[in-house]
Amino acid sequence: MKISKLLLLAAVVVSSASCKKVIEIQETDLIAGATALKTVTNNESAIIGAYGGFAIEMDILLNATLSDEVKTAGEFYNAGTTHEWQYSPTDVGVRDNFTAIVPQYRTIDRVNRVLQALPKADSTMAGDNQKKARLRGEALFLRAFAHFQLFRYYSGNYNPDGLAMPYMETPAIGPQARIKMGPYFVKMLADLTEAKTLVPNNLADKNRANFLAATALHARIALYMRDWPTAEAQSTIYINGLPLATAATFPGIWTDANTNEVAFQMVRTTAIRIGSLFRGTSASLAQIGTVVWSPSDKLFNTYDQANDVRFNSYIKIEPLLAAAGRPSRIVQKYAGTGYATANENVNNAKVFRTAEMYLIRAEARAEQNKITGANSAESDLNTLRAARITGYVPEVFATKDAVIDAIILERFKELAFEGHRFWDLKRRGLAVNRLPSDAPNPTAVTLAAGSFLFTLPIPQTEILANPAIQQNTGYN
Amino acid sequence: MRKFFSILLFSFGILAGVSAQTKSISGKVTDEKGAGLAGVSVIITGTNQGTTTNANGVYTVSVNDNTKSLSFSNTGYSTQDVAIGSRKTINVSLKSSRVDLEEVVITGYGREKKTQFSGAATTLSADKVETVPVGAFDQTLQGRVAGMQVNSGSGQPGSSANITIRGIQSISGAGAQPLYILDGVPMPANDMQTLNANDFESITVLKDASAAALYGARGGLGVIVITTKKGKAGTNNFTYRTQFGFTQPPNPSNFNMMNTEQILFYEERAGLAGAGITSPGWIYSKKNPSYALQTPAVQARRDFLLDSLRGINSNFYDVLFRQGLSQTHDLNFSGGTDKTKFYISAGMFDQKGTDLNSRLRRYTTRMNIDHTVGKLNVNFNNSIGYSISNLTEGEWLGNSARNPFQIVWRAKPYENPYRADGSIIFGANTSSVPKVIGNTLEALQNAFWQNRQIKIHSGLTMAYKLLPYLTLKNTVGIDVASETGIRAINANSYVGSLQTFNAGFNTEASSTNALLINTAAVIFNKKFGKHDVETGGYFEVVRGYQKALGFFLYNLDPRLSLTGQGAGTLPTGGTPTYPQNASSAKSGYGIRSFFASSRYTYNNKYTVNGSIRRDGTSRILNEDNKEITTWAAGFTWNAARESFFKNQNVLSDLKLRFSYGQTPNIGSITTGGFGISGGLYGVTNYLGPQIPSFGTSNAFYGSTIAGQVPTTPGNPNLKIETIEKSNIGIDLGFWRNRGTLTADFYRNITNDLFVSQPLGATSGFGNTSLPINAGKMSNKGVELNLSVDVIRTQKFDVTLGANHAININKIEDLGAVNEYPVGTGIIRKGLPFGSHYTQHYLGADPATGRPTYKRADGTITTNISEAGLFADFGTYLPKHTGGFTADVRISRITISALFSYQFDVFRYNNVENWTTRGISGYTNAVNQNTILLTEQWQKPGDNKYYPSPLYDKGFTSADIQDAKFLRFRNLNVSYAFPGLNKNGRSVIKSAKFYVQGQNLWIWSPWRGLDPEDRDNISLNEFPNPRMLVTGIDINF
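Protein chains in written order, with my numbering: chain A, 1 to 476; chain B, 1 to 1036.
If we strip away everything but chain A, and leave its shape as in the complex, we get:
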């Protein structure tokens, strides 16, 4: 009896005492929370993960298909709503190809988690503190870049009172409202300015952020902000650090034989074939992949085919296709290693090039009325053209409008299929003017200057999930 009584009491006491921690049980097998970003090395992995989410292929496709860079080759065409500017917030063409909001904020969230964890990360290994600084710099660079991309897709031309997107500085899951471009760009430039002081000031690793890459981004941002002195100053730093390629080395940039002019690139493998944006991979020489997009006649006709080194690097007239009775003008810029080979259509994505810096500086100088003479828009344009065109005779420009027109045309030629054209037209308040031969139908020749369609709609899925976000004008 007594024993039973004691046993019972003992059971009660033991059960009560052993249960203090029962509501504090943690997951032991989960790579999550503080565990995931425990050390500096873990944070570096997270930065690598953030780079993995960053891409410019969407920019390339959008700027080609919404502008006058390409025409449908007639072999495969399912981009009617985008190529013919028929999109709405629910458009599947925009949803499937141009939902920039998801990947850009994904990158931002990835770096924000690093920025949050980094100060507390264990730094016991040699070089950890140095690496910590670099990682912070890379995170800030990517955060500024991704926000700049969001601005290009979803905001009108720079105006401090216009709507930018939410600027995310910490991970957050609740609804977010858009902020004005003024404070948005202040945050972006603050991130970028700090990043410049932290990332390596050398080009040892062009796959990751470095000082010149941050400088180039700064120059590009200044261009979109129409902050001409900054655009000129930043592009000058880049040009001084990384000269133009020669006509001899220029083709090697596009075969990845060299990385001249490039301060920052995204390495690509068979997992991401940029060339497949324009032409599918081939089964054999006899079965070259489907030509989805051909260079537009307008672009094709702007080149001096014989003397301009860019023509053969960017465009090809394929006799095999012609022989098969197929559209034979194809985009060559990202053709990779040749038809039906393993690395067909595989090329690295060049994010910043010296040529773009020359064109930014030329435009900045023109806008500051440095039209002609030394260190002018004219000199920059002539330097670039001389590097590309055999036997080029320098041109003289009399007016600002003339030189700016020439610069925009040169951007069309130099930066074709690199993700600039549509935004250049938007930025300069120009219309998309296709040749009738380039348009899929007569209603898709011109997108009027200043059309609301230059700014993409916020996707309906986002409007449903984030009731605080405002739709862009024209899409309501």
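Hints are computed from structural coordinates only; laboratory data are not their basis.
Don't take each hint at face value.
Said to hold, decoys possible - Below are the DSS-like pairs computed for lysine-lysine, each with C-alpha atoms no more than 25 Å apart in a straight line:
| # | chain 1 | residue 1 | chain 2 | residue 2 |
| --- | --- | --- | --- | --- |
| 1 | A | 21 | B | 879 |
| 2 | B | 530 | B | 113 |
| 3 | A | 21 | B | 530 |
| 4 | A | 21 | B | 586 |
| 5 | B | 780 | A | 38 |
| 6 | B | 113 | B | 287 |
| 7 | B | 795 | B | 95 |
| 8 | B | 68 | B | 230 |
| 9 | B | 780 | B | 939 |
| 10 | A | 21 | B | 719 |
Claimed, not checked - Looking from chain A toward chain B, a few residues come up when the C-beta cut is under 8 Å (computed):
| # | residue |
| --- | --- |
| 11 | 22 |
| 12 | 27 |
| 13 | 36 |
| 14 | 49 |
| 15 | 76 |
| 16 | 80 |
| 17 | 109 |
| 18 | 166 |
| 19 | 170 |
| 20 | 172 |
| 21 | 175 |
| 22 | 176 |
| 23 | 179 |
| 24 | 408 |
| 25 | 467 |
Claimed, not checked - Using C-beta positions, here's what the derived DEER-type ranges look like:
| # | chain 1 | residue 1 | chain 2 | residue 2 | range |
| --- | --- | --- | --- | --- | --- |
| 26 | A | 325 | B | 287 | 30 to 36 Å |
| 27 | A | 341 | B | 558 | 35 to 41 Å |
| 28 | B | 594 | A | 200 | 54 to 60 Å |
| 29 | B | 952 | A | 29 | 23 to 29 Å |
| 30 | B | 819 | A | 29 | 33 to 39 Å |
| 31 | A | 77 | B | 869 | 23 to 29 Å |
By construction, the Cβ of each residue, glycine as well, lies at the ideal position given by its N, Cα and C atoms.
With chain A's structure known, arrange chain B on it following the hints.
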């Protein structure tokens, strides 16, 4: 029924070890109506000596001076102990034992008198589940309890039903199961295959807040409390039961699949229409333009091939399904003294399913002991079981041509799976030489998937009466399921040659799930005159553990099967690293609860009860939200006890019940999972959805450093959702309770609803969703339960029963958003959960034969991308559920029938979608439905439902069908044999022979095998079998 016989045998009690008899007592035993009861066993309490009553209910028994009381027991009546005192004549009136179960409600923490119970609960006696030939007892509950929807989704022997009590109460937690308590110890749902339901005594379903109050956060979705059998003092009962029978596939006839002649005709017709048919009906057709261009030899060959195919008309249903054998054996022995009672049993269950590979074998033992020493009572209940489940590849494969449940409808009837010698024809399949059935059969022969489970369920309760009105009580319980699984494909087979590395595979895994509970209580219980007070304080801890590990082997040794021995090496594919083909994980959780409950009853008329509790769990990460305090209260008015009630004869009982309370819902907290190699088992990741989790990423090619990326953002603010439950109930008894009616009206509101809400892009996780607390959901309903003893005589009884429930579910609020689509449905404020959401299909356009749909503005379009999406096609959760029963006893023959039904329920019929799609892709790969022969558009002007074979109608409202049904769920016909005596000693106390059928018939507008399932869509399902068994129970 079992109880009936155990008591019956008692009546033939053996007189053994007779001692000095000094006194003779006699009397008459009658029923409630005063009629003499024959065969009542009269036992001298504490011994196994006694006698039985004669045909008139008269008995005489000799007792010695020490005898204090007599025990009277009989089939279907409650046992009565009567003190002898100085009396020589003792007349006894026995009460029906059916009332016995109705008098108490077993809440798991105790037995509450029904007259004092304010909650909503339904109690079923054991005879509803025992002897029903199903491997998991929860399958037997359909149609039995008003407001409890029981749907079985699989015909695999031993697979559990899906149970929903009073509607879906959570969005993220939709499909979470109620809490199961077996003898005071919880056990996991969906894991019943290793329990022997023949040991059960009662099943009580607790539906409202007051009834489930003592389970708190674990009982948010209702509680199913099971008790097992106990021995009875003064008896020795030995029972043997056995059962033989069959499982049969359901009748397939209402799918109307085309036969060979029809499908060949259809292929030709679609081919002529230009639909791009590559099947023999078209490519060998004389009407095919290419026919005329062929040489006479080729033409002859085509004619020959087509002719040969025409000669085949296979019925794959018979090839892929079988009649399975089923048998059970059960032994139990129970008895005891007034101090010690025991019940021990052993059981064996073996059932082959209708799928060729499915089978459940189960071996169980049980030992229940109840011992009282002075003020201490010890109760020890144990069940140990071992089960071997052979599972079917079909349920693993899902959407696959190797899935027998799919291919049985897909295959063309002109496939011949067997050669003349009976061997299977298998190999590469083409549309003109189909081998899909042959390949499926070959795979079934060479694939193996088996799960072995050891299950221990054990509970020890010690209660010590410190004072006459104060009891200390502690229950400690263990539920452990340890499993090993194997899934393998022989290397030396055609299907094995199709696997990675071309030589089969062998995956094995092991998993252990353990649940421990300790409940300590102090209970005060005292009556002061007309006042009756009970109050208890409880402290309870629940701890769960999970662990699993598994591996995957390829490139097996073709000489062996079902083993990893001899497995060869694997190529690395030139990469410097190689993947791990093995993994393991572990996890666990805890719940800690403090609670108190009190009841006060005045004069057995008015009862007020209340409870308050604080539950905490490790399953919530946020420190501020880990613990939650809730309360419940109830009131009962037992109007039948009022004096004004005595002046009438119609109503014999009237009770009103009111309850309100909040129950938190731990069971619905969203969890993640850790995958285990081979996929046989998983381990629950309890906190994953609340913490930002990371995974490796190799998407960056510019560095050799491995990347990691956040995979879920985690919601660190998650808290427990709470269901506010109100219930008003009325219990009516008519004509001395020969008729009873129970009605309950309830309203449940789920607050802080768990919602898997789409995330905005700024979260970094655009186009994904996260479990959050947002919004509100309501379930309102009515439950009715009616039972009438139409006839009750000595020789002839008829009892009819019916229950019906209506549940109306509505999403009241979704927090920041108003709607979001999920799969084929939509979660939208104002609509019920489970609403279908799709294009509205209108039929074929008479002019062009294109499919037509409704636009959002109501106009008609032939372009599906312009069609609007509508949500007015109903839900897959029935609004009405119910059942009715008829029990007829004619002397020794008893007939019991159960019908169950559901209506106002709609589901997608995916199989019919495939078989009525008509276009080339489906016609070439899938046999088609005969409806296309008459209802398909063929030429301009045709007013038909199905479009031209040139145009796809897609997956739309056309595929949503009414899934209401009325099912003849169970029929049991039994004959009770009288006992057998030899030389004055009872050899057999009683015996029963029965024939039973389960799922006998179904009436439904649904086309297909079975409208009943747990989900929105019917595809690739293992149909519920019909079962026919005969059995015998013998009581020694």
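Against the structure, the hints:
no.: 1; hint: 21/A x 879/B; in the structure: violated (43 Å)
no.: 2; hint: 530/B x 113/B; in the structure: holds (16 Å)
no.: 3; hint: 21/A x 530/B; in the structure: violated (45 Å)
no.: 4; hint: 21/A x 586/B; in the structure: holds (18 Å)
no.: 5; hint: 780/B x 38/A; in the structure: violated (49 Å)
no.: 6; hint: 113/B x 287/B; in the structure: violated (80 Å)
no.: 7; hint: 795/B x 95/B; in the structure: holds (17 Å)
no.: 8; hint: 68/B x 230/B; in the structure: holds (23 Å)
no.: 9; hint: 780/B x 939/B; in the structure: violated (51 Å)
no.: 10; hint: 21/A x 719/B; in the structure: holds (19 Å)
no.: 11; hint: 22; in the structure: holds (3 Å)
no.: 12; hint: 27; in the structure: holds (5 Å)
no.: 13; hint: 36; in the structure: holds (4 Å)
no.: 14; hint: 49; in the structure: holds (4 Å)
no.: 15; hint: 76; in the structure: violated (18 Å)
no.: 16; hint: 80; in the structure: violated (11 Å)
no.: 17; hint: 109; in the structure: holds (2 Å)
no.: 18; hint: 166; in the structure: holds (5 Å)
no.: 19; hint: 170; in the structure: violated (11 Å)
no.: 20; hint: 172; in the structure: holds (7 Å)
no.: 21; hint: 175; in the structure: holds (6 Å)
no.: 22; hint: 176; in the structure: holds (4 Å)
no.: 23; hint: 179; in the structure: violated (11 Å)
no.: 24; hint: 408; in the structure: violated (32 Å)
no.: 25; hint: 467; in the structure: holds (6 Å)
no.: 26; hint: 325/A x 287/B: 30 to 36 Å; in the structure: holds (33 Å)
no.: 27; hint: 341/A x 558/B: 35 to 41 Å; in the structure: holds (37 Å)
no.: 28; hint: 594/B x 200/A: 54 to 60 Å; in the structure: holds (59 Å)
no.: 29; hint: 952/B x 29/A: 23 to 29 Å; in the structure: violated (46 Å)
no.: 30; hint: 819/B x 29/A: 33 to 39 Å; in the structure: holds (36 Å)
no.: 31; hint: 77/A x 869/B: 23 to 29 Å; in the structure: holds (26 Å)
Hint check: violations occur at hints 1, 3, 5, 6, 9, 15, 16, 19, 23, 24, 29; the rest are consistent with the structure.
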